[in-house]
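As given, the protein sequences belong to chains A and B, one line each in that order. Residue 282 in my numbering sits at position 282 of the first sequence, with consecutive numbering throughout. Residue 101 in my numbering sits at position 101 of the second sequence, with consecutive numbering throughout.
Keep in mind that the hints were calculated from the coordinates and are not lab data. One thing to keep in mind: the hints can contain errors.
Stated by the list, open to error - Listed next, with one range per pair, are the computed distances between beta-carbon atoms: (1) A:303 to B:73: 53 to 63 angstroms; (2) B:162 to A:224: 37 to 47 angstroms; (3) A:145 to B:27: 18 to 28 angstroms; (4) B:38 to A:283: 10 to 20 angstroms; (5) B:273 to A:239: 24 to 34 angstroms; (6) B:163 to A:36: 48 to 58 angstroms; (7) B:163 to A:160: 49 to 59 angstroms.
Ideal Cβ placement from N, Cα and C applies to all residues, glycine included.
There are 2 protein chains.
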Amino acid sequence: MNAYLLDRRFEDGTVRLRNPHIAEMGPDILYHIGLGSSSHDLQDMFSDVRFVCMGGTPRRMEQFAYYIKDEIGYKLPSGTTLLDISYQSYRYCMYKVGPVLCFSHGMGIPSVGILLHEVIKLMYHAKCRDPVFFRLGTCGGIGIDGGNLVVSESAVDGLLRPYLEQPVLGEIQRRPAILDPELASDLKNLRSDDDPFTVTLGKTMCTYDFYEGQGRVDGAFCEYTEADKLAFLQKIHAANVVNMEMESLGFAALCYHAGVRSAVVCVTVINRLQGDQMSTPKEELNKWQEYPQVLVARYIRKVMGLPAHAPPREHSFLLPNEVPDQKKFQS
Amino acid sequence: MNAYLLDRRFEDGTVRLRNPHIAEMGPDILYHIGLGSSSHDLQDMFSDVRFVCMGGTPRRMEQFAYYIKDEIGYKLPSGTTLLDISYQSYRYCMYKVGPVLCFSHGMGIPSVGILLHEVIKLMYHAKCRDPVFFRLGTCGGIGIDGGNLVVSESAVDGLLRPYLEQPVLGEIQRRPAILDPELASDLKNLRSDDDPFTVTLGKTMCTYDFYEGQGRVDGAFCEYTEADKLAFLQKIHAANVVNMEMESLGFAALCYHAGVRSAVVCVTVINRLQGDQMSTPKEELNKWQEYPQVLVARYIRKVMGLPAHAPPREHSFLLPNEVPDQKKFQS
């Protein structure tokens, strides 16, 4: 067994819950994903899941579901389409494509944290074996231009501390934010020479705020100068921080505590050493946001025994039911 | 001027940004709400806004937009319907109903924080006067049964501290999480004797996690006993904490810092002294989630010079385009 996992799983690879109360409880309601252990046959529905992929917005993850369907050659029965399994929760979206489960996690550690508690419980109830969790996101690069990938080797908070800290019953709890080094290295090695992006392995700083928390000068408030900001970004860059986002610390800490192998793959949408404002055209941004999906899809293909690099073909990241300019805002 | 506001606004009531960089900047892109100061005429679009209402899910806030439309008698031109102004962002929803702006803020302080930075900047660019911000949410009651309202008199973190703490440029920043006491009191007084809910004024504990952060024993992890949990809940109850949720601390701190009057109105969906699992039937929950909307609508009506209590009539919280059971999950 992978050294990273230690003894945090059952021997058959199923997820061990570090909570003695769940086994004693009656039905378990997974409130925010609209499922339950008595209302649904979770083992029947989900026991074949091996890959759990999460990203910020429902739309992006719906697109990923259709993309990974094509990538792994998963055929839907004629006359069917993918369904948002969590549509009744109105909080996260959830698509299942054979062994791949796709979720949106919203923005920030609390939002991804609620989801992870419930997805880890889902893995337990469904008796999934050796699931691997991925976060596919966007980030600000520190010394990396927009449109390139970062695979996190670890996550740190805004004070460069490598753990998630939060109050539990009035006392501070700390959980190490460790990611699987083998998985990170495997992902980095899946880059091809003809990819339009680089892949950097480095530390990710995870913040609780997008503006002041990431040292931007363009929020509603700012009490420091452009020079203060640059000095801070240079300092963390010297400490091997190569990007900033808002979920990796919680994602890494909860997956590690659950004994789940996990990786964070983000595309840079800006080089923060050069600015704060997100002014890249939408079409460019949309193209960039496909890059984490491309790398993760290669990993999934490889584990499934398919050639990691699919023969080149035209991908459409448009959804089947998408009509461009369906809504147009009249200002 | 309200004592709570001190000197944090311009004399004409427009929002003062505590950020000297914005005035010197070129166009300001409000990235996460899909607007910009040069791509949109923000003053033309939004200068009449006086009330900003936020809640967790896009669906609930869309419903609120249609509800407040009826409540204030706002007529849409024939052949038009409300539009999600931020639909291009895929992150938050945003509806405008005359002087009322409605947003979804997602889950947790980081998610509501990103939105607030951008909405406060929107108020500044649009030169809105004296806007009042409301959060309408759900919460766990501490000693209050499900289906009742709490108006927060202040927000505290998981260690009972009345401020928002976060790292900025590598140092801890603290912002007091103060809510407008007059506004809270006005809201409480708008309850009618025939309302199916009580209204309690008290402290709100705001946490970074729904499970361990709120002392639940039903998350993926739990390292304490039921007795430890109850002792903690009793302790905070003795400190006048009457409910727990996940956004009020950031909401209060950012609004107060911006000189914006703000209030948090939440409905309890469970009495945490009696349990953790969210097992109330969906229909009941949906009904309860209308209660904060009812109270806030009365306040808006009153300020607009309409009778606070509308004559009784049948409300439909269904959306115009909603077909019940449109999607049905086949397990």
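Going through the hints against the structure:
Distance hint for residue 303 (chain A) and residue 73 (chain B): a CB-CB separation of about 59 angstroms, consistent with the stated range 53 to 63 angstroms. Evaluation of the 37 to 47 angstroms hint for residue 162 (chain B) and residue 224 (chain A) yields a failure: the beta carbon distance comes to about 24 angstroms. At roughly 22 angstroms, the beta carbons of residue 145 (chain A) and residue 27 (chain B) sit within the given window of 18 to 28 angstroms. Take residue 38 (chain B) and residue 283 (chain A): their Cβ atoms lie about 19 angstroms apart, and the range 10 to 20 angstroms holds.
A beta carbon spacing of about 45 angstroms between residue 273 (chain B) and residue 239 (chain A) contradicts the range 24 to 34 angstroms that was offered as a hint. Checked against the hint of 48 to 58 angstroms, the C-beta distance between residue 163 (chain B) and residue 36 (chain A) comes to roughly 38 angstroms, which is inconsistent with it. Checking the proposed 49 to 59 angstroms range against residue 163 (chain B) and residue 160 (chain A) shows it is violated: the Cβ atoms sit about 23 angstroms from each other.
Taken one by one, the earlier hints fail for this structure at numbers 2, 5, 6 and 7, listed in ascending order.
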